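Student: Spelled out, the chains give:
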Amino acid sequence: MDMRFTPDELAFAAEVREFLASELDPALAEKNRLHQSLTKAEMEGWHAKLHAKGWLAGNWPREFGGAGWTAIQRHIFEEESAKAHAPRIVPFGIAMLGPVLQKFGSKEQQDYWLPRILNGDDWWCQGYSEPGAGSDLAGLRCRAERQGDHYVVNGQKTWTTLGQHANMIFCLVRTSTEGKKQEGISFLLIDMDTPGVTVRPIVLLDGTAEVNEVFFDDVKVPVENLVGEENKGWTYAKYLLTHERTNIAGVGFATAALDNLKRVAKAQIHRGKPLDQDPLFAAQIATTEIELMAMSTTNLRMLSVAAQGQAPGVESSMLKIKGTQIRQQLDALTRRAYGGWAQALPMETGNQGQPLDADDVLSATANYLNNRKLSIYGGSNEIQRGIIAGTLAKG
Amino acid sequence: MDMRFTPDELAFAAEVREFLASELDPALAEKNRLHQSLTKAEMEGWHAKLHAKGWLAGNWPREFGGAGWTAIQRHIFEEESAKAHAPRIVPFGIAMLGPVLQKFGSKEQQDYWLPRILNGDDWWCQGYSEPGAGSDLAGLRCRAERQGDHYVVNGQKTWTTLGQHANMIFCLVRTSTEGKKQEGISFLLIDMDTPGVTVRPIVLLDGTAEVNEVFFDDVKVPVENLVGEENKGWTYAKYLLTHERTNIAGVGFATAALDNLKRVAKAQIHRGKPLDQDPLFAAQIATTEIELMAMSTTNLRMLSVAAQGQAPGVESSMLKIKGTQIRQQLDALTRRAYGGWAQALPMETGNQGQPLDADDVLSATANYLNNRKLSIYGGSNEIQRGIIAGTLAKG
Amino acid sequence: MDFALSDEHRMLQDTLRGLLARHQGDDLWPALAEAGVIGALLTEDEGGFDGSGSAIALTFEELGRAGASMPLVAAMIGASALATAGQGDLAAEVAEGSARVAFADAEPGTRYDRGVAISVDGDRLTGRKTMVAGAEDARAIIVTTADALWLVDAKAEGLTLNAYPLMEGGRGADLTFADTPATRLGALDDFGAALSRGILGHSAFALGGIIAASDLTLDYLKTRKQFGRAILEFQALAHRIADLAVEVEQARSAVTNLSGHLTAEPAIRDRHVQACKATVGRVARLVAEESVQLHGGIGMTEEYALAGMIRRLLAADTAMGDADYHLERFANGEPAWA
Amino acid sequence: MDFALSDEHRMLQDTLRGLLARHQGDDLWPALAEAGVIGALLTEDEGGFDGSGSAIALTFEELGRAGASMPLVAAMIGASALATAGQGDLAAEVAEGSARVAFADAEPGTRYDRGVAISVDGDRLTGRKTMVAGAEDARAIIVTTADALWLVDAKAEGLTLNAYPLMEGGRGADLTFADTPATRLGALDDFGAALSRGILGHSAFALGGIIAASDLTLDYLKTRKQFGRAILEFQALAHRIADLAVEVEQARSAVTNLSGHLTAEPAIRDRHVQACKATVGRVARLVAEESVQLHGGIGMTEEYALAGMIRRLLAADTAMGDADYHLERFANGEPAWA
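Protein chains in written order, with this note's numbering: chain A, 88 to 482; chain B, 88 to 482; chain C, 13 to 350; chain D, 13 to 350.
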């Protein structure tokens, strides 16, 4: 057993840090640190810098223009990026659609769409969830009817993150109602400028509007935009869910959040002393830090198995649960560290005023509220428990 | 709203304290405080003193020789008794069988059995659970076949508390396998001296042997020992479960345990000071004390409803859950207060030695282990959650 | 022992429910004042006619259930403190609703210490208070410092106000004091009764919100279908809602305890102040987080009624010391107000 | 990065599994010594041939899985400390199994303080140590005082021994010292390496027990039927066993972390000592309590295998500082051994 990174990995980590130090605009990092919404241009700008370096698609093989990183390298990149408060790479094109096209798309689809993802020609969003199909994703109803050389799509998608910036959406749609509900689903690429597509923002309880509803009303989609075979979409969607989860534990985000919490606890006064000297609060920080130390190693154990070519199993569900628990606990402690000061929320709309010198406080409150989503989306923690128990029952 | 006891209730509480001060042998109280098993004679002696005072059957109406107390009086008696470390009244005759006979027994059964319970002529135990029927009590299989003027009983009961002292057992037995499983159950009184009855002790993980298995091998029981009607036993058992639960919250026991914990934490040294000055341990004590303060009032709220003649509903399930959580937390903290000193267990059998001056420590460890049962027996906390959720679903 | 409401208090409850069904936002305050609700929170000495724990608890529970956000706690603390300090005229105006006061307690840079961001020089205050609910509408501000309570006129020199929306729904402000003249009302611990009633107000308000959020969640679990059945039929979720129901009863009993011991001797009252706020704060956060989780995505949307409830629950925990703050003082055996 | 066992360690694991299947109780120690297992726990300087974190972790995990109760941790701490203090001869005898030593750490009247019940006067000890595992079989005792480590001969004058069964299954003793001659081995913090390996031993032993108890519980849930189906099919129980599985991975990673940082600089090693014991202790108690609860009544009976596992889990948490003790020191940024 050897817990150390190899010399090559250490050199790679140094290169990532160097890149971040020279290319990441401090103002952008600060905005990101405060969990403020980035503009489309800011996100595209960061993508462009990474693309120039050849690092935008760490998970893609080199043949498709990716960096072809190992699981460990991707982990290092994600962790260093999170610690430096770099923008997160928008995952929909790079991390989600890309691998599906590479595995199941036609040569034409690969040649056309993959370079456009890297160049930033398209901004993709994801059309999976529907109002009636949340945890029960396969219960989706948005339907696509084949009419000649088009599908005609009708229905609704929801929780479409950053859909307001997108020109393209990849959707799971129902093409058949026969057999098991998983069997009538297809994977379709839809141009959002097509007549009949409407995007409506959903404001969340923290006041942000980063997710959307997308409505389809007789939307015509060319049949060449079908990925793989008709009625096999569930297979492609599941492939995504089980194979593109290297960052599911969110170790980098948790590390950055822990650093921030310690900084806040050192600055906030409690009973006349810095809060980090309060035994009860210090114990809560320590409890979470100790959890993170262990989870971080669980993550590495899993990566080291993945690096040897074995597919991750139930471990990704375990990391999802523990990872979100830790991040939510860190967010909760950070908000509570501010005590009576944390009673306002930043409002993205309207000019209704804002407390003085309180950017960090507002960010802590908003971030706590916003990150309640972590244990809900991408398969809620209840769904993950079901997956673990199901595996245990068989084992 | 008025949270105060009435003058009559306060006078009654004073009378109970006075009685306990004069009648309770300090050596017996000390033995009880240390959770050491009492002898049969000690328990019978305490019953006799209570019976002489007319207080043995606080829950029975006066017409049957009971004290006819209100729910509040019973609460006061139980709380004062627990705080004084008086032996708990063995519940099987007084609290369980008595009310069933009073409600469903024949005149002959009442006249014969009830005085014998008060006089201590019979020691009753309870034959409900079976190895295959725990939470699923109605799945019981121990069967009684009518043969002339006798039932012939075959099968097994388990978790028979203090069955080693008993000469009588009231049993749920299967008299029919037709219809729903609840419908073929009868309530039978069985003399344990009948040929074919075997009692085998079950040693628990704390080393005590207070529960037993009882085996029935062609045991002949006279038909006059059937309570109520054949195949209606489930109704009588349920009556017991919902109506005789005044002390389900265990407020008195919890209060005594909290007092003991505070005493231990004052004596144990931690980082050179009494443990109760350690911020983390003090916070854990405080958390539990605060829970107890609230639960105690929930209990009184429920009693005050019961005192107005309304049957308690889902509240008794809530009190069971919270009451056991609090007691188990107090027991856990008390054991942990001893730290490195709490690594031995008293053994009831064998003369294998015992640590010096450690009666309290041994008691804390054994009691922690033993009281894991609180959330299992009498309807496990999982069963209680099901009851609550079922009620919420209907409401 | 009797936990039932008296006839008067049942009437008060009916009045409140009627008012809260008809009035919202800016309309609500005058309606409550006119109906005598502010008076019900205050004793006769304070310009009111009741002021019992029971009246306070039921009033704020109803406000909490309805999600009415307004600094009524400040009015209650203010009028009571003013009356105690011999400022009966202003107290009476507050009691009848013709004047409003705000309560400036929280400070930037500290969890719940007082006097970190604000200092006293003679009869002048310098520094900052934050998150002062209803400051824009107040005629005067009651201000806490390290060990005392002060009265500051809203138009006093050197006082500047910067207002913004509060998480709970209303508006608050940062108040900056620059050598601002103030009237010392007395030492902080002279006002234990007034401040403890503030804790009861926030706690009962939270209790109302706890009940509203858990009721809404239960309704959702009964109606929402996934995998072909109501999600309340999934046992793991059913057990979690059952555990929430147990905790809701704990919160109710904690409020009952403080309500019943509001006029007990200070040492006993303070234990109930701390136990109540610690219990209700803990349960409020638990219910907030579990309600969102049990709802799933819909529970995070602003359009759905839960969002406001969540924010009010967090705000009620945070106001005047959160669960951890009061737990720590309870554990140390410290007084609530010193 | 490579978390797999080396070939040597896989062989050690096979050897252990074989021995543990064949030997129990008093037979086990000589068998382990003969197979070189004690030597695998020690470095060459200490009379052994390995002593790596990985060897220690896998050995004690196997012992923990098998529920073998025996004071092997004391032998490891003892031999390492003796070698460090220049008592290489006795260390070598311990390493080869011809001599046994006990480790006297816990004291009556205190959670985990040292020097409360025992005091030093020159080269003599007076007072009491408690819960000393394996004291009856020891040739010598390693004794902690407030700031030092001592060696006491088992036959030393003024030393009396009172033995009894320990919760974990073996036997322990109270040792009473009355002006008993002792050899000072050095200051406590000179032995950080030896003591940290003790923490790893107890933690890996607990990890083995955690795995055994959760496996047994899972098996029971699969087989036990209530209401006509296996109780693992009840979703509320299924989710709880899933949560346990997550915590078991946390415990494994905590042991891996300490194992991988056993020879790191003391400040870093100590953080892992504390994090490991805090994590494993917390999970051990959780698994103990949840296993009993998920089993129901059968889980409380001495006849069933779980009973011994529960007691060993509690004992492993308790030994050399429980989860709370190490959490507090981690939170304070204190060293593990001082």
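Hints are computed from structural coordinates only; laboratory data are not their basis.
Just so you know, these numbers come straight off a predicted model, no measurement behind them.
Beta carbons: idealized from backbone N, C-alpha and C, even for Gly.
A portion of the hints provided could be inaccurate.
As the list claims (entries may be wrong) - Chain C side only, calculated, beta carbon under 7 Å to chain D, not exhaustive: (1) S18; (2) H21; (3) F246; (4) A248.
To be verified - Derived PhoX-like pairs (lysine-lysine); straight-line CA-CA distance at most 20 Å: (5) B:K190 - B:K136; (6) D:K234 - B:K267; (7) C:K237 - B:K481; (8) B:K268 - D:K237; (9) B:K194 - B:K118; (10) A:K268 - C:K167; (11) C:K237 - A:K267; (12) B:K170 - B:K319; (13) B:K481 - C:K167; (14) A:K170 - A:K353; (15) A:K353 - A:K190; (16) A:K170 - A:K118; (17) D:K237 - A:K140; (18) D:K167 - A:K481.
Student: All hints, please: hold or fail.
Tutor: Hints, verified against the model:
Using the Cβ-Cβ criterion of 7 Å, the hint placing S18 (chain C) at the interface with chain D is not satisfied: the shortest such distance is roughly 42 Å. Annotation: H21 (chain C) was flagged as interfacial toward chain D, and the flag is violated, the nearest CB pair being 40 Å apart, outside 7 Å. Because the closest C-beta pair between F246 (chain C) and chain D is about 6 Å apart, less than 7 Å, the hint holds. The restraint placing A248 (chain C) at the interface with chain D holds, with a minimum CB-CB distance near 4 Å, inside the 7 Å limit.
Using a Cα cut-off of 20 Å, the hinted pair K190 (chain B) and K136 (chain B) is violated, with the two alpha carbons roughly 27 Å apart. With a CA separation close to 25 Å, the supplied pair K234 (chain D) and K267 (chain B) exceeds the 20 Å bound. Annotation: proposed proximity of K237 (chain C) to K481 (chain B) holds, straight-line Cα distance about 17 Å (limit 20 Å). Restraint check for K268 (chain B) and K237 (chain D): satisfied, since their Cα atoms lie roughly 15 Å apart, inside the 20 Å limit.
Distance restraint check for K194 (chain B) and K118 (chain B): the Cα-Cα separation of roughly 40 Å exceeds the 20 Å cut-off, and the hinted pair is therefore not satisfied. For the proposed pair K268 (chain A) and K167 (chain C), the alpha carbon gap of about 68 Å is over 20 Å, so the pair is violated. Proposed proximity of K237 (chain C) and K267 (chain A) is supported: the alpha carbons are some 18 Å apart, at most 20 Å. With a C-alpha separation of about 39 Å, the suggested pair K170 (chain B) and K319 (chain B) falls outside the 20 Å cut-off, and the hint is violated.
A hinted pair counts as satisfied when its Cα atoms are at most 20 Å apart, and K481 (chain B) with K167 (chain C) does not qualify at roughly 57 Å. The suggested pairing of K170 (chain A) with K353 (chain A) holds, with an alpha-carbon distance near 19 Å, which does not exceed 20 Å. For the proposed pair K353 (chain A) and K190 (chain A), the alpha carbon gap of about 49 Å is over 20 Å, so the pair is violated. Note on K170 (chain A) and K118 (chain A): the hinted pairing holds, with a Cα-Cα distance of about 14 Å set against a maximum of 20 Å.
Taking the CA atoms of K237 (chain D) and K140 (chain A), the gap is about 60 Å. The hint is violated against a cut of 20 Å. Between K167 (chain D) and K481 (chain A) the CA atoms are separated by roughly 57 Å; this puts the pair beyond 20 Å, and the hint is violated.
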